[in-house]
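Number of protein chains: 2
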Amino acid sequence: MSQRPINTTTNAHKISGIKHIIAVGSGKGGVGKSTVALNLALALQAQGMRIGLLDADIYGPNQAHLLHSKVQAEVIDNRYQPVLAYGLQTMSMAYLIEVDSPMIWRGPMVSKAFQQMLFLTAWDNCDTLIIDLPPGTGDIPLTLTKKAPLTAAVIVTTPQTLATADAEKGIAMFKKLEVPILGIIENMSYHSCGKCGHQEHIFGSDGATLLAQKTNIELLGQLPLSSDIRQTSDNGQPIVYQYPDHHISKTLLDIGTQIKTKLDLHFPSNRSTFPDIVIE
Amino acid sequence: MSQRPINTTTNAHKISGIKHIIAVGSGKGGVGKSTVALNLALALQAQGMRIGLLDADIYGPNQAHLLHSKVQAEVIDNRYQPVLAYGLQTMSMAYLIEVDSPMIWRGPMVSKAFQQMLFLTAWDNCDTLIIDLPPGTGDIPLTLTKKAPLTAAVIVTTPQTLATADAEKGIAMFKKLEVPILGIIENMSYHSCGKCGHQEHIFGSDGATLLAQKTNIELLGQLPLSSDIRQTSDNGQPIVYQYPDHHISKTLLDIGTQIKTKLDLHFPSNRSTFPDIVIE
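Chains B and D supply the protein sequences, listed in that same order. Taking this note's numbering as reference, the numbering of the first sequence is continuous, increasing by one, and the terminal residue is 291. Taking this note's numbering as reference, the numbering of the second sequence is continuous, increasing by one, and the terminal residue is 291.
Chain B with its partners taken away, still in its complex shape:
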């Protein structure tokens, strides 16, 4: 993390059972943020870390689908028990309520639900909790970002101009809140034809590279638009877990190594302050 000094003094509050919290955000929806967040969690787990994954998209909780976990979370001693999937400790609104019908919760209810999942889940000694934020830079992602004692954030974008413009707003949001940004992951960078192998930059070229230069944030890696990652996601068998030797998995595992290195370098201490839990 040579490009920008990281402020490690913010977010003094800590959550019981969690050392670091990394938010995965995107300015725009549909860039593959949830899929990247899940596979990033598995890549960090492959580094020997104990990882939690919190799906903060209250209205459209996709992680339970990506994990194929159609269960309800148990409650023991007034704490939600995280649902174990592929070794990850996971929590999602999909485990707490019936999500087939559209949710019509107002903003404050969403914020409360998020805080309950974050603070009232019995996380079991997580080295890092990955929070899969809702897309956008609106009211809800902003509120959730402010409620969570984040160590740092990672930004996911596609190379498309519209997506990088929105990702830039996401970066501005994290900077405003003094949350260090570990890097940018470019998803859907190119597509390789399944027949002839021709690589096509369907969503344009170099979008995230230019964004990284402009914002002085490191580009951690580029992932292709691929049926392989879409199919494994739709089937609830994340590519890093299912096919660790796949070239996409290797890129994701490399990103995991980079993030682990940055955490060790910039956030070595295991802060142990117990938080004041105030659910408004």
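Keep in mind that the hints were calculated from the coordinates and are not lab data. Some clues are possibly wrong.
EDC-like cross-link-like pairs, simulated, lysine to aspartate or glutamate; straight-line CA separation at most 16 Å [said to hold, decoys possible]:
1. Lys-273/D / Asp-138/D
2. Lys-206/B / Glu-211/D
3. Lys-206/D / Glu-211/B
4. Lys-180/B / Glu-109/D
5. Lys-180/D / Glu-109/B
Sample of chain D residues at the chain B side, in silico, Cβ under 10 Å [what the hints assert, rightly or not]:
6. Pro-145
7. Gly-147
8. Ile-213
9. Ser-238
Quick list of simulated restraints, FRET-style, between CB atoms [what the hints assert, rightly or not]:
10. Gln-253/D / Gly-59/B: 48 to 54 Å
11. Arg-90/D / Ala-183/B: 30 to 36 Å
12. Val-82/D / Leu-221/B: 21 to 27 Å
Glycine included, C-beta positions come from ideal geometry on N, C-alpha and C.
Start from chain B and add chain D according to the hints.
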């Protein structure tokens, strides 16, 4: 619209200068809703209709980018003047404020801004106003949908399981609000290799077809994932306008014909009640 009877008695309020209002919604972000909404507006214009286009994504107003309109809306007699682009009367938060920094408006402010754009724009005899809704089925799209006197809605989705599951929630939202749904448009249905022409269903097959069967709503058309539509969008030159003979444009123009036919059949009257404008 043989599949489902349309209730034409709802939404008695009308907006001055507008005959019909069609909302373009999606359960999931990033499915190309804004691009489809813009090209659909142009396809309806090609039917000889006078069309307005309202970008209701307050946090991430993309239409101004898609239209390459970097102007500010004029105010005359306390009414916003729509910005003319490709013959369309358009309105977007991007014309009203500086949008480079992330917006941190709370829900009620978003609702108010939307109503101002909808009710206080000097729409000039629009046959149809297309509203490009924000993605999702959360608080904000729900509130905006309730505030607008919609004639009907159109749903955009990709074939991916995650997207159709969210689109189904969007359909449930419109049904709950008794807004007739004219049909589903499947975007990113397949990709044709730029070199060998091989068609690949990157996001899966038949997602929208199955959704249409399940919900008893017509599938209006399928659009490919294509560099052509992405490039024309990024360059602010919508494909229907720039390349009307392109096969994607032909599909969009055909969808426009279907929607015009449904409007003429089910909503023939030009209701002329002037609305009670109440901006809360």
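Comparing the hints with the structure gives:
The hinted pair formed by Lys-273/D and Asp-138/D meets the criterion: a straight-line CA distance of about 14 Å does not exceed 16 Å. Pair hint Lys-206/B plus Glu-211/D holds up; C-alpha atoms about 9 Å apart against a cutoff of 16 Å. Simply put, Lys-206/D and Glu-211/B have alpha-carbon atoms about 9 Å apart, close enough for the 16 Å limit, and the pair holds. Proximity of Lys-180/B to Glu-109/D is assessed by CA-CA distance (about 12 Å); at most 16 Å being required, the pair is judged to hold.
Distance restraint check for Lys-180/D and Glu-109/B: the Cα-Cα separation of roughly 12 Å lies within the 16 Å cut-off, and the hinted pair is therefore satisfied. The beta carbon of Pro-145/D is positioned within 10 Å of a beta carbon in chain B (closest approach about 8 Å), and the interface hint is therefore held. Using the Cβ-Cβ criterion of 10 Å, the hint placing Gly-147/D at the interface with chain B is satisfied: the shortest such distance is roughly 6 Å. For the restraint placing Ile-213/D at the interface with chain B, the shortest Cβ-Cβ distance is roughly 5 Å, inside the 10 Å limit, so the hint holds.
Among the interface hints, the one on Ser-238/D holds; its C-beta lies about 5 Å from the nearest C-beta in chain B, closer than the 10 Å criterion. The beta-carbon spacing between Gln-253/D and Gly-59/B, approximately 53 Å, falls within the hinted interval of 48 to 54 Å. Checked against the hint of 30 to 36 Å, the pair Arg-90/D and Ala-183/B passes, with Cβ atoms roughly 32 Å apart. For Val-82/D and Leu-221/B, the hinted distance range of 21 to 27 Å is satisfied, since their beta carbons lie about 25 Å from each other.
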